[in-house]
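Residue numbers (the working numbering), protein chains in the order written: chain X, 1 to 285; chain V, 1001 to 1274.
Since the hints were made in silico from the structure, they are not lab data. Don't take each hint at face value.
Listed next, with one range per pair, are the computed distances between beta-carbon atoms [stated by the list, open to error]:
| id | chain 1 | residue 1 | chain 2 | residue 2 | range |
| --- | --- | --- | --- | --- | --- |
| 1 | V | Q1107 | X | R104 | 46 to 56 Å |
| 2 | X | D260 | V | E1261 | 25 to 35 Å |
| 3 | V | L1219 | X | P223 | 48 to 58 Å |
Quick reminder that beta carbons are idealized off the backbone N, C-alpha and C, glycines included.
These are the residues of each chain, in order.
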Amino acid sequence: MDFFAFVKPKNELEASSNKPENVPFVPEEMWVKCPKCNAMLLTTDMEENLHVCTHCGHHFRLSVRQRIELLADRDSFREHDAELTAKNILDFPGYDAKLEKAKRNANESVCCGECRIGGIKTVLCVMNAEFMMGSMGTVTGEKITRAFEYATDAGLPVVVCTVSGGARMQEGILSLMQMAKTSGAVKRHSDAGLLYITILTDPTTGGVTASFAMEGDIILAEPDTLVAFAGPRVIEQTMRQKLPRDFQTSEFVLQKGFIDAVVSRDKLKSTVARLLKMHGYAEVE
Amino acid sequence: MSNAAKEKDKEKESFPAYEKVMAARDSKKLTAVDYISKMFGDSFIELHGDRRFSDDKAVVGGIAMLYDTPVTIIGIEKGRNTKERVERNFGQAHPEGYRKALRLMKQAEKFHRPVLCLVDTSGAYPGIGAEERGQGQAIAENLMEMMTLKTPVLTIVIGEGGSGGALALAVADEVWMLENSVYSVISPEGCASILWKDSSKAPQAAEALRMTAQDLFDLRVIERIIRQPRADDQAMFESLKLLVSRTFEKNLALDTAELTEQRYARFRRIGAIG
Ligand SMILES: [Zn+2]
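Chain X with its partners taken away, still in its complex shape (with noise of 0.2 Å):
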């Protein structure tokens, strides 16, 4: 046991009564909650064990730094696209606010570029959880675009980790019609030979669930995601009764045949690298 050990809670009920004011000598801001079985965390044991609950196995979201860093090989990250930012293309009304505070976070709800996965030279794409719930608006489907058309050209497998809660209202049509035009540069991809890989992480719904998360070769999911395309509400709406509790976690979707496995955070990493190794990308230098 680790030093911490002692104010690590040892079950739910523990966890509930253990309110970091209680504990001594340690700083608020160091502590985090666990939303699913309310254990107070450490940050510095969050950080050792890549952000997931000690206690449950709960995999906390990621931001987009912490997802490439746990992917991509130490400093072999170069970004792509980085300028192209969000608009008010169609004048909708609080959408200009809505984008000067996300844009607080990044210029865009998806962050592209080419890195080394295990020494292999991968594009990868990451959504972001924190840009308007990593909603696809033009900007992100033609950053999405674009890094396919790039691993086309180059030769390269693609790796992209998916975090949406769908289509971007506030651009209308135009955002719809993103699921099409990224389909078609994943198709384009797909036609080289080379290899897509989707890793699903909590939530991917709508319609990025309905275009790129469901067209990897091989589609991976994070324990625990929500994998939807109509999310739980809406269905609860249509349906007047409660769902089961699995409903749409990526257990259930993994069970009715949709995503090829559910793979927890530790070793997602390691098996992404044998996939790239197995389908014959060499590491570099």
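Given the structure of chain X, go ahead and fit chain V with the ligand onto it with the hints provided.
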């Protein structure tokens, strides 16, 4: 419409876009099977089933003669009366509907037969069975496969074009819309309730979403706006048929590589930067 005119509309609290939404949803308007019978008469032979799970009656498909040319027709059908509407699931397809459509498109590709899609849906069905059977995957596969389908594809939105469920039949060489049809990423009600927590603001949302045929034409997302035909206006159906036939002729003359290249370029430029 000029900005000044738009401002005036707002003052009067009139919502022309929402009127189009209402017209597109009008239960008395013609449905896909009406267009098929008026344009192709009794030459239409219906083909059923996705060969995987079932026959989704929200999607009607088959082969018909367009003058001397056999064509594949795939339509989303809402039903013309209460009984039919229940049977057709109000034009909300399940994954098997999209898979049936793809099967018929692949069949058309094999025989180099042009494909005409008629879209009229509020959206893909959001239900337990639809999710269990991969609604997202079914739509995604259509988007991918249609993009490189080696035969001409033409889509006409004849009523509602509801989001991904409509797009799954609209990755085409050209997309046309009837003047009283709409095509949108989300319903105005859904948009208003998510953004403004008030579905009664749907008329405002309809304006903001830019979902009318004219909006889409201005945004260069569609190629043509078609005058709304009345049921008894056979001359209008004849001219629509002629227009469809000319478009297919033009695209059949292209080399298939060129055809799919043009289709890709059509979508590639939407939202392209620089
Ligand atoms: Zn936990």
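Taking the hints in turn, this is what the structure says about them:
1. Between Q1107 of chain V and R104 of chain X the beta carbons are some 51 Å apart, a value that agrees with the proposed interval 46 to 56 Å.
2. Between D260 of chain X and E1261 of chain V the CB atoms are about 32 Å apart, so this pair conforms to the stated range of 25 to 35 Å.
3. Between L1219 of chain V and P223 of chain X the beta carbons are some 41 Å apart, a value that contradicts the proposed interval 48 to 58 Å.
Against the hints set out earlier in the document, a violation occurs for number 3 only.
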